[in-house]
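Protein chains: 2
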Amino acid sequence: MNHNYCVIMCGGVGSRFWPFSRNSRPKQFLDFFGTGRSLLQLTVDRILPLIPAENIILVTNAAYADIIREQLPDILPGNILLEPARRNTAPCICWAAHHIQSLDPEAVIVTLPSDHLILREEEFRKVLEEGLRFVAADDRLLTIGLNPASPHTGYGYIQIGRPVADWPGISKVKSFTEKPDLEMAKVFVESGEFYWNSGMFLWSATSILRAFARYDQETASLFNDGIPFYGTPRESAFIEEAFPKAPSISIDYAIMEKADNVFVKTADLGWSDLGSWKALYETAPRDKRGNITQGCRVLTNDCHNSVFAVRGDKVVVADGLDGYIVAENENALLIYPMSEEQKIRNVVNDVKNLFGDKYI
Amino acid sequence: MNHNYCVIMCGGVGSRFWPFSRNSRPKQFLDFFGTGRSLLQLTVDRILPLIPAENIILVTNAAYADIIREQLPDILPGNILLEPARRNTAPCICWAAHHIQSLDPEAVIVTLPSDHLILREEEFRKVLEEGLRFVAADDRLLTIGLNPASPHTGYGYIQIGRPVADWPGISKVKSFTEKPDLEMAKVFVESGEFYWNSGMFLWSATSILRAFARYDQETASLFNDGIPFYGTPRESAFIEEAFPKAPSISIDYAIMEKADNVFVKTADLGWSDLGSWKALYETAPRDKRGNITQGCRVLTNDCHNSVFAVRGDKVVVADGLDGYIVAENENALLIYPMSEEQKIRNVVNDVKNLFGDKYI
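Protein sequences, first through last, are from chains E and B. Residues 11 to 370 (this note's numbering) make up the first sequence, in order. Residues 11 to 370 (this note's numbering) make up the second sequence, in order.
Source of the hints: derived by calculation from the structure; they are not laboratory data. Treat the hints loosely; a few may be bogus.
Pairs involving identical chains hold if they fit within one copy or between any two copies, as the list cannot separate such chains.
List time: in silico DSS-like cross-link candidates among lysine-lysine, alpha-carbon distance up to 27 Å [as the list claims (entries may be wrong)]:
1. K255 <-> K136
2. K189 <-> K353
3. K196 <-> K136
4. K298 <-> K362
5. K324 <-> K268
6. K268 <-> K368
7. K268 <-> K298
8. K368 <-> K136
9. K362 <-> K324
10. K298 <-> K288
11. K353 <-> K368
12. K324 <-> K368
13. K288 <-> K255
14. K184 <-> K324
15. K324 <-> K288
16. K182 <-> K362
Could you put together the complete structure from these sequences and hints?
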């Protein structure tokens, strides 16, 4: 029996890529790079050589059940856990751990976001394979820390502590840090002690449930009540009732920043969280004028360093733009300076308030 | 019997408003100002108090027959003349004159473009009424010259000569001038002798056909062959055969610049030929930041002096644009500096050559 499981969290909304992403089709479901595969599909493709489809569990919002079945026909319906309400990562992870433990008490789990880019896939699987062995061997919580390619102010950082003997690249975590300012980020990167927090986690089902019991009793107690139902036909009825009562809290805040058995494996995976247009811009291939084109035909004479992400087999003719995002999807068109992209979240809110839900 | 007729020329393509206008739906068929009426419909609305619907003849390309029937259900099908090929204005006018003369040998005709703006409609009808009487009284060709509101370099100019006694505001035409450069245009306007060429013409059917016979024998002879057929069921078969053989020549060049009985009535009609985005920009109502919005909802923080003409109930979020045209229709999006708008024609050609007809 294969005790390795993968939980892919794919319930996020993500308004930063509006209007390319929509409430009805968030970022993870988009064919981001025009390769024919969505970020979620790429995530599954990437893990499949390591973990068989029957051991891959998707946790998502109930609203996305149809998209997921459409995009991932090979994942069994029973492996798709549908959250009846939007909460943060801790409730999602706690439920998934219970569900998996009910199937396999010896399970070890790698938990992944569904909307990141990883260029070095072989290395990625090697790192996870080693990590799974590390957490199977003892009561440990492991996170993946990435070599910081730049003093990025949009990421959290993990400070490494004492290395673990016989496990190359694995250290005790000294501290987690929220997004730093640029000066601080530069100090972090130069120190060699800080790594980007990837949001990828490894642990045994037993270890993470034990950690919940110790550090987040509210969530633990809520989901412990479901132990008679996990893995049975009554699981979803229980979740329907219990899940909305869960606190909205991140796994970092609920567990990782508090537990004393947290480790980090450092790696260089060619990773980006694709958290913003700028991140996409820095990742995707550009033409000789520094422009990126996605899903459309573009004719420009004097445009530079811009992203053209327009859906629906359109032609875009533009001139005089430098450093712009031109993004269109369905009934919404965005023409925005990339340097102002942090405002897009607020703009989406304004659009919703002024014009209604149908545009977001 | 009412001998007054109106010919509305509505077969033009007009690529300067791409992608707002399309090959399949040129400018004259668009609801340009969001009033619920297309420019063509507005043209008909404007003339109807003067000339009854049964005396209004539309000349257009066969490709637009359906749009015209849809937009103008009150115009009899027999009053829509369908050109089987694209030619310039002279063949169109020659055919229409023959057609009308076959119905009414005493007809006097006002010929109008279908895609212009006229703000002073009462004055417009007063001017045309007087003009119709002027051309009914004698063998004269009359054009309308407009008070030049600015030294516009996109218009042709008419220089007035000797005034005609007893016909206030009507003069002999001294010369027609093509689009001048700015310096010349300023001299024109200051002189008080030059008026914008409106492209509106008045004459009796007899007079214009006589002028064709004198000054454009090729066109005259071609359409004279159809005299047995005009106004009969065999007219369209004749036209199908003959029209494509007509030379592509403008009425100005074929007749007006050559004839010696050409007069001009000057007027102030609040007129624009809406020949470009800039012309539209100068005409339509702007918000406090100088922006114009057509057919969409726009959210901008820092955009100025721009046109947002996006079709299909969309929201547009933009920032940092000054003096831009943002126009979208079906599968084409244009984001272009208004100062460069003279390049749009070429761009449309490039789009056609690079990506195909379906985008234009």
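Hint by hint, here is what the structure shows:
When the C-alpha separation of K255 and K136 is checked against a cutoff of 27 Å, the pair qualifies neither within a copy, at 38 Å, nor between copies, at 75 Å. For the homomeric pair K189 and K353, the shortest alpha-carbon distance inside one copy (17 Å) is at most 27 Å, but the shortest distance between copies (46 Å) is not. For a Cα distance limit of 27 Å, the shortest separation of K196 from K136 qualifies neither inside one copy, at 29 Å, nor across copies, at 76 Å. Proximity of K298 to K362 under the C-alpha cut-off of 27 Å is restricted to the inter-copy arrangement: shortest distance 23 Å between copies versus 37 Å within a copy.
In the homo-oligomer, the alpha carbons of K324 and K268 never lie at most 27 Å apart, since the shortest distance is 50 Å inside one protomer and 47 Å across protomers. When the C-alpha separation of K268 and K368 is checked against a cutoff of 27 Å, the pair qualifies neither within a copy, at 41 Å, nor between copies, at 60 Å. When the C-alpha separation of K268 and K298 is checked against a cutoff of 27 Å, the pair qualifies neither within a copy, at 48 Å, nor between copies, at 54 Å. Taking the shortest Cα distances, K368 and K136 never come within 27 Å of each other, neither inside one copy (44 Å) nor across copies (49 Å).
In this homomeric assembly, K362 and K324 come within 27 Å of each other (Cα to Cα) both inside a single copy, at 26 Å, and across copies, at 13 Å. For the identical chains of this complex, K298 and K288 are intra-copy neighbours only, at 18 Å inside a copy versus 32 Å across copies, given an alpha-carbon limit of 27 Å. Within a single copy, K353 and K368 get their C-alpha atoms as close as 20 Å, which meets the 27 Å cut-off; across copies the closest is 36 Å, which misses it. In the homo-oligomer, the alpha carbons of K324 and K368 lie at most 27 Å apart both inside one protomer (22 Å) and across protomers (10 Å), since each shortest distance falls under that limit.
For the identical chains of this complex, K288 and K255 are neighbours neither inside a copy (36 Å) nor across copies (58 Å), given an alpha-carbon limit of 27 Å. Taking the closest pair of Cα atoms, K184 and K324 never come within 27 Å of each other, the shortest separation being 51 Å inside a single copy and 50 Å across copies. In this assembly of identical chains, K324 and K288 lie within 27 Å of each other by CA distance both inside one copy and across copies; the values are 23 Å within and 25 Å between. Proximity of K182 to K362 under the C-alpha cut-off of 27 Å is found in neither arrangement, the shortest distances being 44 Å within a copy and 61 Å between copies.
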